[in-house]
Amino acid sequence: MNDLSVRKFYAWFTMLGLLVGVLVVIGYYRDEYREWKNYQHKYIQEEIRRASTPQQLALAKQIPVQIRQILLPDLNRVDRCTTCHLAVEDPSYGGYPQPLAYHPLHEQHPFDRFGCTICHRGQGRATTDADAHGNVPHWDQPMLPLQYIQASCGQCHEAADNPAAPELARGQQVFEDSGCRGCHKLNGIGGVVGPELDKVGARRSPEWLKKHFLAPASVTPGSAMPPQKFSETNLEAIILFMLSQTGESAPGYYASMKVIPSASEGQRLFQQKGCIGCHSIGGQGGKIGPALDDVGLRRPVEWMMQHFRDPQAVTPGTVMPRFGFTETEARALTDFLMHLRDQKVALSLPSLMSPGERGREVFRKYGCAGCHGADGKGGVPNPNAKTAEQVPGLIYVADGYTKDELKKRILNGQREITALDPKRPPPPLFMAAWAGIIKDSELDDLVAYLFSLKPKEENPGF
Amino acid sequence: MNTPLPKRIWQWFTRTRVGRSIFRIGLPESNLERSQVMVSSFLLHVQPAKVNRHSLRASYSLGLGLISLYLFLILIVTGVLLMFYYVPSTEKAYDIMKDLQYVVSAGLVIRNMHRWAAHLMVLFVLLHMCRVYYTGAYKRPREFNWMIGVGLFLLTLGLSFTGYLLPWDQLAFWAITVGTNIAGYAPVIGLKIKYLLLGGNVVGQEALTRFYALHVIVLPAAALLMVAVHLWRVRKDGGLSRPDEPGDIVQQVELKQLPTNKTYGLMELARGTTPQVGQNPEDEVFSWPHLVFRELLLFLLVAAVVLFLSIFWNAPLEELANPIHPPNPAKAPWYFLGLQELVSYSAFWGGVVVPGLLVTALMLLPYLDRQRQGVGRWFARERVVANTIFTVCLLTAIVLTIIGTLFRGPNWGWVVPWEQPPAITEGH
Numbered sequence: 001m002n003d004l005s006v007r008k009f010y011a012w013f014t015m016l017g018l019l020v021g022v023l024v025v026i027g028y029y030r031d032e033y034r035e036w037k038n039y040q041h042k043y044i045q046e047e048i049r050r051a052s053t054p055q056q057l058a059l060a061k062q063i064p065v066q067i068r069q070i071l072l073p074d075l076n077r078v079d080r081c082t083t084c085h086l087a088v089e090d091p092s093y094g095g096y097p098q099p100l101a102y103h104p105l106h107e108q109h110p111f112d113r114f115g116c117t118i119c120h121r122g123q124g125r126a127t128t129d130a131d132a133h134g135n136v137p138h139w140d141q142p143m144l145p146l147q148y149i150q151a152s153c154g155q156c157h158e159a160a161d162n163p164a165a166p167e168l169a170r171g172q173q174v175f176e177d178s179g180c181r182g183c184h185k186l187n188g189i190g191g192v193v194g195p196e197l198d199k200v201g202a203r204r205s206p207e208w209l210k211k212h213f214l215a216p217a218s219v220t221p222g223s224a225m226p227p228q229k230f231s232e233t234n235l236e237a238i239i240l241f242m243l244s245q246t247g248e249s250a251p252g253y254y255a256s257m258k259v260i261p262s263a264s265e266g267q268r269l270f271q272q273k274g275c276i277g278c279h280s281i282g283g284q285g286g287k288i289g290p291a292l293d294d295v296g297l298r299r300p301v302e303w304m305m306q307h308f309r310d311p312q313a314v315t316p317g318t319v320m321p322r323f324g325f326t327e328t329e330a331r332a333l334t335d336f337l338m339h340l341r342d343q344k345v346a347l348s349l350p351s352l353m354s355p356g357e358r359g360r361e362v363f364r365k366y367g368c369a370g371c372h373g374a375d376g377k378g379g380v381p382n383p384n385a386k387t388a389e390q391v392p393g394l395i396y397v398a399d400g401y402t403k404d405e406l407k408k409r410i411l412n413g414q415r416e417i418t419a420l421d422p423k424r425p426p427p428p429l430f431m432a433a434w435a436g437i438i439k440d441s442e443l444d445d446l447v448a449y450l451f452s453l454k455p456k457e458e459n460p461g462f
Numbered sequence: 001m002n003t004p005l006p007k008r009i010w011q012w013f014t015r016t017r018v019g020r021s022i023f024r025i026g027l028p029e030s031n032l033e034r035s036q037v038m039v040s041s042f043l044l045h046v047q048p049a050k051v052n053r054h055s056l057r058a059s060y061s062l063g064l065g066l067i068s069l070y071l072f073l074i075l076i077v078t079g080v081l082l083m084f085y086y087v088p089s090t091e092k093a094y095d096i097m098k099d100l101q102y103v104v105s106a107g108l109v110i111r112n113m114h115r116w117a118a119h120l121m122v123l124f125v126l127l128h129m130c131r132v133y134y135t136g137a138y139k140r141p142r143e144f145n146w147m148i149g150v151g152l153f154l155l156t157l158g159l160s161f162t163g164y165l166l167p168w169d170q171l172a173f174w175a176i177t178v179g180t181n182i183a184g185y186a187p188v189i190g191l192k193i194k195y196l197l198l199g200g201n202v203v204g205q206e207a208l209t210r211f212y213a214l215h216v217i218v219l220p221a222a223a224l225l226m227v228a229v230h231l232w233r234v235r236k237d238g239g240l241s242r243p244d245e246p247g248d249i250v251q252q253v254e255l256k257q258l259p260t261n262k263t264y265g266l267m268e269l270a271r272g273t274t275p276q277v278g279q280n281p282e283d284e285v286f287s288w289p290h291l292v293f294r295e296l297l298l299f300l301l302v303a304a305v306v307l308f309l310s311i312f313w314n315a316p317l318e319e320l321a322n323p324i325h326p327p328n329p330a331k332a333p334w335y336f337l338g339l340q341e342l343v344s345y346s347a348f349w350g351g352v353v354v355p356g357l358l359v360t361a362l363m364l365l366p367y368l369d370r371q372r373q374g375v376g377r378w379f380a381r382e383r384v385v386a387n388t389i390f391t392v393c394l395l396t397a398i399v400l401t402i403i404g405t406l407f408r409g410p411n412w413g414w415v416v417p418w419e420q421p422p423a424i425t426e427g428h
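Protein chains in written order, with our numbering: chain R, 1 to 462; chain V, 1 to 428.
Where hints are given, some of them may not hold.
[Stated by the list, open to error] Once the Cα atoms are required to be at most 20 Å apart in a straight line, the calculated SDA-like pairs of lysine to any residue come out as:
id : chain 1 : residue 1 : chain 2 : residue 2
1  : R       : 287       : R       : 271
2  : V       : 7         : R       : 7
3  : V       : 92        : R       : 73
4  : R       : 199       : R       : 258
5  : R       : 8         : V       : 291
6  : R       : 8         : V       : 297
7  : R       : 8         : V       : 286
8  : V       : 92        : R       : 76
9  : R       : 8         : V       : 289
10 : V       : 331       : R       : 137
11 : V       : 331       : V       : 397
12 : V       : 92        : R       : 141
13 : V       : 92        : R       : 78
14 : R       : 8         : V       : 3
15 : R       : 199       : V       : 320
16 : V       : 331       : V       : 417
17 : R       : 386       : R       : 373
18 : R       : 37        : V       : 104
19 : R       : 258       : R       : 324
20 : R       : 37        : V       : 103
21 : R       : 386       : R       : 431
22 : R       : 8         : V       : 57
23 : R       : 258       : R       : 119
24 : R       : 199       : V       : 327
25 : R       : 199       : V       : 324
26 : V       : 92        : R       : 70
27 : V       : 7         : V       : 17
28 : R       : 454       : R       : 355
29 : R       : 199       : V       : 325
30 : V       : 92        : R       : 138
31 : R       : 8         : V       : 58
32 : R       : 199       : V       : 322
33 : R       : 8         : V       : 300
No lab work stands behind these hints: they were computed from the structure. This structure is a prediction, so every number in the text was calculated from the model and none was measured.
Please build the complete structure, drawing on both the sequences and the hints.
This is the structure we're talking about:
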């Protein structure tokens with residue numbers, strides 16, 4: 001090899017070596033200079049600016065620039081939001097612009113146990129503005145707009161029990177009243193005409209849901225769902241309720257925190273645990289234990305709590321067993337009993353209702369009204385169905401069916417609906433088969449209710 | 001002439017006691033030392049002391065095999081770095097991908113390098129195979145090395161495919177679901193193979209565990225071993241192929257022809273082709289620096305390209321794998337999309353017969369094509385039939401892959417990539 005070609009080699013080595021070196025430097029720079037560090041420097045500068053004593057100044061200067069994160073293994077989350085939102089727990093930052101704003105402390109939801117994304121969504125692991133707030137491709141949980149924030153309460157808490165989330169409770173009410181379950185299953189209850197809704201809130205955006213309710217076919221071509229006519233408030237409420245259905249499981253510590261002690265929760269517990277077997281309210285119930293209508297006048301709260309924890313402790317020799325209530329349950333039951341003192345409560349005990357009344361509850365529970373109309377009056381469009389292009393009403397079923405025929409009809413459903421015009425697309429809505437979903441006793445009650453729908457005054461005139 | 005400073009430092013170091021004990025020769029100054037340095041160093045002794053000028057010609061080999069090797073080395077290094085973080089668990093894998101991106105120093109770049117080098121390796125191994133084909137380099141005495149090469153190509157695909165699952169995102173999950181379904185189309189054993197690969201009937205934790213084990217130990221170990229054999233055969237078969245080589249004459253010397261009533265020195269037993277045998281010494285140059293320097297330069301080039309890609313383009317990462325929400329269409333990795341396109345016409349013919357025949361034909365090629373002419377030259381006129389057949393197969397594969405990649409949309413229907421595809425939503 002002569003000197004000339006060696007020199008050429010060295011020239012190439014130098015060039016390529018420099019190129020690799022420059023690329024390594026660029027790579028290092030891009031890796032080292034991350035967005036969040038800017039926010040941390042700004043925070044530190046602000047802390048230094050505010051420092052009024054040498055000690056405070058020294059402390060401010062010692063604030064490390066580093067990733068901050070809240071580890072939430074039970075919730076399967078790592079929230080790094082506080083890497084940029086450094087002052088969320090410092091009230092003196094109230095009114096600051098983001099990312100340095102203060103977040104009012106939520107007593108029941110301390111940051112170190114709940115993090116941020118369980119309520120606000122977004123991408124907790126991310127450390128850039130765009131990725132963390134989640135409006136990026138391949139992340140289907142962007143931050144929840146604040147107007148829907150109550151949806152997050154419903155991930156863990158029963159909608160109706162949460163005094164802090166009235167919109168959520170309203171949404172659930174709209175959901176149950178509109179008969180959505182006639183086609184959609186939620187938590188195991190509902191029909192099979194439309195998709196299950198158990199995790200709908202985790203994969204649908206508010207915008208999508210709004211379009212879905214107003215014009216279902218616009219987001220799901222060929223959808224069988226009839227457009228819904230909700231008022232503006234009801235529409236927002238049911239969107240909120242849908243967003244709350246994320247399938248989030250909250251195990252361990254969170255499960256024990258789920259129940260919000262409230263009078264209504266207490267009432268449910270009271271009925272569920274069979275208290276009525278021994279005690280009575282409003283004259284209904286057993287006579288073994290004392291009547292409870294005015295127990296709130298006779299006993300203080302602490303006595304009642306102790307009574308639920310360990311009856312023997314406050315009434316030695318009592319026959320009341322230890323039920324092993326959790327603190328929250330005891331609190332809810334106590335609330336309920338104190339509530340009785342102020343207000344008359346009618347227990348809705350199924351055993352005290354008529355089959356027709358129970359059937360009405362079944363009709364509501366499974367969302368029959370969604371297709372068959374309120375009180376079975378019909379009127380829901382089903383294009384190209386032979387029955388006047390509507391889902392048939394149910395008020396005259398007593399004339400067309402025996403009770404057993406009707407039960408069979410409900411259990412087996414009808415997948416193929418006779419078309420008015422065979423050339424047009426078949427009717428989209430059909431009768432779901434409810435076998436395996438509805439209970440036998442519920443079916444009896446439902447049929448009793450449906451038979452009771454026949455208008456009394458319209459007796460056949462012969 | 002002025003000696004550059006780095007060279008002077010190096011010369012000083014190799015003359016010290018420590019330096020001499022490590023490097024023995026130091027920077028070679030004479031032809032004798034240029035030979036010695038190649039023989040005395042573990043890393044360099046894989047290569048001959050002198051190399052044919054023809055082998056150095058970039059326009060002949062294009063450096064494709066070496067580029068593949070460098071990509072493989074980059075993959076090993078970045079792969080080990082990724083292993084420091086990765087856990088093959090369906091619960092954790094995806095989160096770790098996110099952590100690599102957001103909190104691990106250089107995590108994203110390393111993952112990008114691994115991903116892009118993997119894609120490039122598939123590409124360059126394929127290109128290397130094409131080069132060997134079009135120069136007729138698989139002919140005697142290199143038949144077996146061609147087979148090893150085909151094996152290495154399949155191993156490369158296997159490595160890339162097993163690695164595809166590990167991020168545990170939608171892309172990974174459904175590509176592997178589609179890919180293993182194709183394997184399931186083979187008659188009799190297809191479903192067994194699929195079950196063996198996945199550790200079940202669907203992609204889940206067992207599949208992830210198996211793919212991980214295959215990806216980080218089984219396949220790399222096999223590939224390393226076969227690369228070693230491949231390189232060893234390159235030397236034993238007389239270096240790179242070139243026109244008019246006389247190697248075969250030596251090849252025919254049979255060991256058993258030697259008389260058995262005496263002992264032999266190693267030199268007498270060694271046989272086969274070496275670059276020196278039968279060569280005009282004027283065709284040869286010393287490997288140091290002519291070969292070694294070129295190789296180093298090529299490495300710098302490969303490293304620069306991979307770094308460049310990895311700094312400015314991120315490896316894809318979609319949503320967390322969700323077995324109940326398949327994307328439409330679900331696509332295999334790009335190098336299997338030609339296969340998937342074929343499968344869309346006929347699962348049996350496209351998924352089993354055609355690829356099976358192709359691999360068999362590739363493996364047996366040197367024994368099927370026994371014509372001796374046209375070695376060592378690109379597109380030799382004597383090989384016009386063979387080259388045409390290969391080109392047609394190659395172009396078909398490329399066209400099918402492009403169709404599968406760009407022109408297939410929902411339900412594997414025809415789409416035109418420059419038009420907006422219709423929004424996909426799940427039907428009621």
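Consistency of the hints with the structure:
Between residue 287 (chain R) and residue 271 (chain R) the alpha-carbon distance is near 16 Å, which keeps this suggested pair within the 20 Å criterion. With a C-alpha separation of about 13 Å, the suggested pair residue 7 (chain V) and residue 7 (chain R) falls inside the 20 Å cut-off, and the hint holds. For a cut-off of 20 Å, the pair hint linking residue 92 (chain V) to residue 73 (chain R) stands: about 11 Å separates their Cα positions. A C-alpha spacing of about 19 Å is found between residue 199 (chain R) and residue 258 (chain R), which places the hinted pair at or below 20 Å, so the restraint holds.
As the CA atoms of residue 8 (chain R) and residue 291 (chain V) are separated by approximately 14 Å, the hinted pair is consistent with the 20 Å bound. Simply put, residue 8 (chain R) and residue 297 (chain V) have alpha-carbon atoms about 11 Å apart, close enough for the 20 Å limit, and the pair holds. As the CA atoms of residue 8 (chain R) and residue 286 (chain V) are separated by approximately 17 Å, the hinted pair is consistent with the 20 Å bound. Taken as a hint, the residue 92 (chain V) and residue 76 (chain R) pair is honoured in the structure, with Cα atoms around 10 Å apart against an allowance of 20 Å.
For the given pair, residue 8 (chain R) sits about 12 Å from residue 289 (chain V) by alpha-carbon distance, which is consistent with the 20 Å threshold. As the CA atoms of residue 331 (chain V) and residue 137 (chain R) are separated by approximately 18 Å, the hinted pair is consistent with the 20 Å bound. Distance check on the hinted pair: residue 331 (chain V) and residue 397 (chain V) sit about 16 Å apart at the alpha-carbon level, within 20 Å; holds. Between residue 92 (chain V) and residue 141 (chain R) the CA atoms are separated by roughly 19 Å; this keeps the pair inside 20 Å, and the hint holds.
With a C-alpha separation of about 12 Å, the suggested pairing of residue 92 (chain V) with residue 78 (chain R) holds against the 20 Å cut-off. Between residue 8 (chain R) and residue 3 (chain V) the CA atoms are separated by roughly 15 Å; this keeps the pair inside 20 Å, and the hint holds. Pair hint residue 199 (chain R) plus residue 320 (chain V) holds up; C-alpha atoms about 15 Å apart against a cutoff of 20 Å. For the hint pairing residue 331 (chain V) with residue 417 (chain V), the CA-to-CA distance comes to about 15 Å; that is within 20 Å, so the pair holds.
Distance hint between residue 386 (chain R) and residue 373 (chain R) is fulfilled; the C-alpha atoms sit about 18 Å from each other, no more than 20 Å. Note on residue 37 (chain R) and residue 104 (chain V): the hinted pairing holds, with a Cα-Cα distance of about 14 Å set against a maximum of 20 Å. Simply put, residue 258 (chain R) and residue 324 (chain R) have alpha-carbon atoms about 17 Å apart, close enough for the 20 Å limit, and the pair holds. This hinted pair checks out: residue 37 (chain R) and residue 103 (chain V) have alpha carbons roughly 12 Å apart, not beyond 20 Å.
Between residue 386 (chain R) and residue 431 (chain R) the CA atoms are separated by roughly 14 Å; this keeps the pair inside 20 Å, and the hint holds. Simply put, residue 8 (chain R) and residue 57 (chain V) have alpha-carbon atoms about 16 Å apart, close enough for the 20 Å limit, and the pair holds. A hinted pair counts as satisfied when its Cα atoms are at most 20 Å apart, and residue 258 (chain R) with residue 119 (chain R) qualifies at roughly 14 Å. Taking the CA atoms of residue 199 (chain R) and residue 327 (chain V), the gap is near 18 Å; set against the 20 Å cutoff, the hint holds.
With a CA separation close to 12 Å, the supplied pair residue 199 (chain R) and residue 324 (chain V) stays within the 20 Å bound. Between residue 92 (chain V) and residue 70 (chain R) the alpha-carbon distance is near 17 Å, which keeps this suggested pair within the 20 Å criterion. Pair hint residue 7 (chain V) plus residue 17 (chain V) holds up; C-alpha atoms about 18 Å apart against a cutoff of 20 Å. Taking the CA atoms of residue 454 (chain R) and residue 355 (chain R), the gap is about 16 Å. The hint holds against a cut of 20 Å.
Taking the CA atoms of residue 199 (chain R) and residue 325 (chain V), the gap is near 12 Å; set against the 20 Å cutoff, the hint holds. For a cut-off of 20 Å, the pair hint linking residue 92 (chain V) to residue 138 (chain R) stands: about 18 Å separates their Cα positions. With a C-alpha separation of about 16 Å, the suggested pair residue 8 (chain R) and residue 58 (chain V) falls inside the 20 Å cut-off, and the hint holds. Between residue 199 (chain R) and residue 322 (chain V), the direct Cα distance comes to roughly 13 Å. Compliance with the 20 Å bound is thereby established for this hinted pair.
Between residue 8 (chain R) and residue 300 (chain V) the CA atoms are separated by roughly 15 Å; this keeps the pair inside 20 Å, and the hint holds.
Hint compliance for this structure: every hint is met.
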